[in-house]
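There are 2 protein chains.
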Amino acid sequence: MSTRHFADRLTLACQQKGGPICVGLDPVYEKLPASIVGDHPVPPSSAAVAANALFDFSVRVLKAVAPHVPAVKVQSACFERYLWAGVEAYHKVIHEARQLGLIVIGDAKRGDIGASSKHYAAGCLADHAFEDTGKLLGPDALTVNSYLGVDGLEPFLEVAAEQGKGLFALVRTSNPGGDTVQSQTLNNGRSVAESVARLIADAGEAKGRYIGESGFSLLGAVVGATKPRDAERLREIMPQQVFLVPGFGAQGGAADDVRPCFGRHGTGAIVTASRSIIYA
Amino acid sequence: MSTRHFADRLTLACQQKGGPICVGLDPVYEKLPASIVGDHPVPPSSAAVAANALFDFSVRVLKAVAPHVPAVKVQSACFERYLWAGVEAYHKVIHEARQLGLIVIGDAKRGDIGASSKHYAAGCLADHAFEDTGKLLGPDALTVNSYLGVDGLEPFLEVAAEQGKGLFALVRTSNPGGDTVQSQTLNNGRSVAESVARLIADAGEAKGRYIGESGFSLLGAVVGATKPRDAERLREIMPQQVFLVPGFGAQGGAADDVRPCFGRHGTGAIVTASRSIIYA
Numbered sequence: 001m002s003t004r005h006f007a008d009r010l011t012l013a014c015q016q017k018g019g020p021i022c023v024g025l026d027p028v029y030e031k032l033p034a035s036i037v038g039d040h041p042v043p044p045s046s047a048a049v050a051a052n053a054l055f056d057f058s059v060r061v062l063k064a065v066a067p068h069v070p071a072v073k074v075q076s077a078c079f080e081r082y083l084w085a086g087v088e089a090y091h092k093v094i095h096e097a098r099q100l101g102l103i104v105i106g107d108a109k110r111g112d113i114g115a116s117s118k119h120y121a122a123g124c125l126a127d128h129a130f131e132d133t134g135k136l137l138g139p140d141a142l143t144v145n146s147y148l149g150v151d152g153l154e155p156f157l158e159v160a161a162e163q164g165k166g167l168f169a170l171v172r173t174s175n176p177g178g179d180t181v182q183s184q185t186l187n188n189g190r191s192v193a194e195s196v197a198r199l200i201a202d203a204g205e206a207k208g209r210y211i212g213e214s215g216f217s218l219l220g221a222v223v224g225a226t227k228p229r230d231a232e233r234l235r236e237i238m239p240q241q242v243f244l245v246p247g248f249g250a251q252g253g254a255a256d257d258v259r260p261c262f263g264r265h266g267t268g269a270i271v272t273a274s275r276s277i278i279y280a
Numbered sequence: 001m002s003t004r005h006f007a008d009r010l011t012l013a014c015q016q017k018g019g020p021i022c023v024g025l026d027p028v029y030e031k032l033p034a035s036i037v038g039d040h041p042v043p044p045s046s047a048a049v050a051a052n053a054l055f056d057f058s059v060r061v062l063k064a065v066a067p068h069v070p071a072v073k074v075q076s077a078c079f080e081r082y083l084w085a086g087v088e089a090y091h092k093v094i095h096e097a098r099q100l101g102l103i104v105i106g107d108a109k110r111g112d113i114g115a116s117s118k119h120y121a122a123g124c125l126a127d128h129a130f131e132d133t134g135k136l137l138g139p140d141a142l143t144v145n146s147y148l149g150v151d152g153l154e155p156f157l158e159v160a161a162e163q164g165k166g167l168f169a170l171v172r173t174s175n176p177g178g179d180t181v182q183s184q185t186l187n188n189g190r191s192v193a194e195s196v197a198r199l200i201a202d203a204g205e206a207k208g209r210y211i212g213e214s215g216f217s218l219l220g221a222v223v224g225a226t227k228p229r230d231a232e233r234l235r236e237i238m239p240q241q242v243f244l245v246p247g248f249g250a251q252g253g254a255a256d257d258v259r260p261c262f263g264r265h266g267t268g269a270i271v272t273a274s275r276s277i278i279y280a
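Respectively, the protein sequence lines represent chains A and B.
The numbering of the first sequence is this note's numbering, which starts it at 1 and goes up by one.
The numbering of the second sequence is this note's numbering, which starts it at 1 and goes up by one.
Quick caveat, the hints were computed from the structure, so don't treat them as lab data.
All residues carry an ideal CB built from backbone N, CA and C; glycine is no exception.
Some hints here could point you the wrong way.
Said to hold, decoys possible - Computed beta-carbon distance windows for the label pairs:
| id | chain 1 | residue 1 | chain 2 | residue 2 | range |
| --- | --- | --- | --- | --- | --- |
| 1 | B | 239 | A | 101 | 39 to 45 Å |
| 2 | B | 67 | A | 40 | 42 to 48 Å |
| 3 | B | 135 | A | 259 | 35 to 41 Å |
| 4 | A | 34 | B | 215 | 47 to 53 Å |
| 5 | A | 213 | B | 209 | 43 to 49 Å |
| 6 | A | 35 | B | 136 | 29 to 35 Å |
| 7 | B | 12 | A | 183 | 38 to 44 Å |
| 8 | B | 236 | A | 207 | 41 to 47 Å |
| 9 | B | 68 | A | 183 | 42 to 48 Å |
| 10 | B | 39 | A | 18 | 47 to 53 Å |
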């Protein structure tokens, strides 16, 4: 558990270490080097073998990047593919990354309502105190889905506020198909993404309770690097949200595209790059 | 793997067994009977102890309901709370339910893009063939999130089509806060939920490839029982979608409220009830 506000920790880490860069860790067994996979078959016939390989590879990447970047984003899907063995590896990779001093974003895009959100917040965001897992640190922040509205996010916000953690709510995703929902225009002239952005801005305020000394909220927003025009407008609507910006590199976003995501002092955004870095 | 179309299997099962009812399995350790929890502490200090208790309780419920209802919905969040031990229990509960002849919906509300969706489809929907897990059957269907657009659903659709499985995409959720996103009116007069419904109707058609003999698609929709007025309109837009209808019972939806969710012949919908049944 960290007592400092998430956005303050993130802002400081970006200033002290390598700039606002987040290495995306999306390990795929079929792409791992022979030094990791060894004699095991591809595709893997054992979930545990695959999960161990993902873990070993991830730790290698973490150790390589930890001195140079402030943050990593760990893609849950890559691990869930290997069932509970994969999920164990996912949690242990997150713990390892935190031990290395990295700020860790769990990219699990969870979203549900009421009691189910509460369970997800406990399982996917909180630190754990089970005696059989050891005191395993959860991620510093989690990506969450906004389609169910803000009441579904409240249990996540509570855990985040209690434990000095953060959230990144999906507002504008980097995939082409995201437009078919998020770019639709409402009868008030705003796009659906802008409308969601307003909800997130309000929820992330909570009478100042969620705002850190940096001026940013513990509730951030995912805004894809492939949508630079939208980013400018979304930054206006969400001045207090840290933007998590995927889509840089392999998905086609370029440096100019991410500029509008930042706040006035060049803070308030963190750019993720995955495939273009981890296999390098 | 089942070779028959998911919607056909579901329609037949509803006709043969108890009507269009789906028992929601959302087990919470703190609410389990003493006969399951025994001398273990509440809240649990061990993830494995909690996960085993959830498994034992779930199997007891499954055996009690299997002769009477066609389907169950298993809430992933309840299990993920207990990390990999919980995830192991989740997968094994699903396998057990399928062995008992129930149609099983994994309620994990996953949603991502591209490669990540592919990983989720493999981990959360497909049957598994890892030698260390045994040939573990995955759920017959999975709930998925629509906010990222239809391209994020394609990998799920592929697995579903290949393996005779189905999907339920979130269109209109049962929580009050869902309105703040889904009820917004677009400049064409439709609501956001109606616009998403159109996307789902189109994606679930795929030139007939996804439509079963029952006339329903393998891509269904989640439409909450608490929104009866919307349900009527959404049924018009999505004549070929099976509706998964949560919110009945504990969340306030009543029998009259779910009627508009059904198609012309009283098929095409399945109503879930969770808290009101499993602790009875």
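Right, here's what the structure says about each hint:
As the Cβ distance of residue 239 of chain B to residue 101 of chain A is approximately 55 Å, the hint placing it in 39 to 45 Å is violated. Distance hint check for residue 67 of chain B and residue 40 of chain A: the Cβ-Cβ separation is about 44 Å, which falls inside the suggested range of 42 to 48 Å. The hint said 35 to 41 Å for the Cβ distance between residue 135 of chain B and residue 259 of chain A, and at roughly 51 Å that hint is violated. Remark: the range hint 47 to 53 Å for residue 34 of chain A to residue 215 of chain B is upheld by a beta-carbon distance near 51 Å.
A hinted range of 43 to 49 Å is violated for the C-beta pair residue 213 of chain A and residue 209 of chain B, which are about 55 Å apart. Judged by the Cβ atoms, the range 29 to 35 Å given for residue 35 of chain A and residue 136 of chain B holds: they are separated by roughly 30 Å. A C-beta distance of roughly 40 Å is found between residue 12 of chain B and residue 183 of chain A, which places it inside the suggested range of 38 to 44 Å. Between residue 236 of chain B and residue 207 of chain A the beta carbons are some 42 Å apart, a value that agrees with the proposed interval 41 to 47 Å.
Range check, residue 68 of chain B to residue 183 of chain A: Cβ separation about 46 Å, and the 42 to 48 Å hint holds. Residue 39 of chain B and residue 18 of chain A have their C-beta atoms about 51 Å apart, which keeps the hinted 47 to 53 Å range intact.
The structure fails to meet hints 1, 3 and 5 from the earlier list, while all remaining hints are met.
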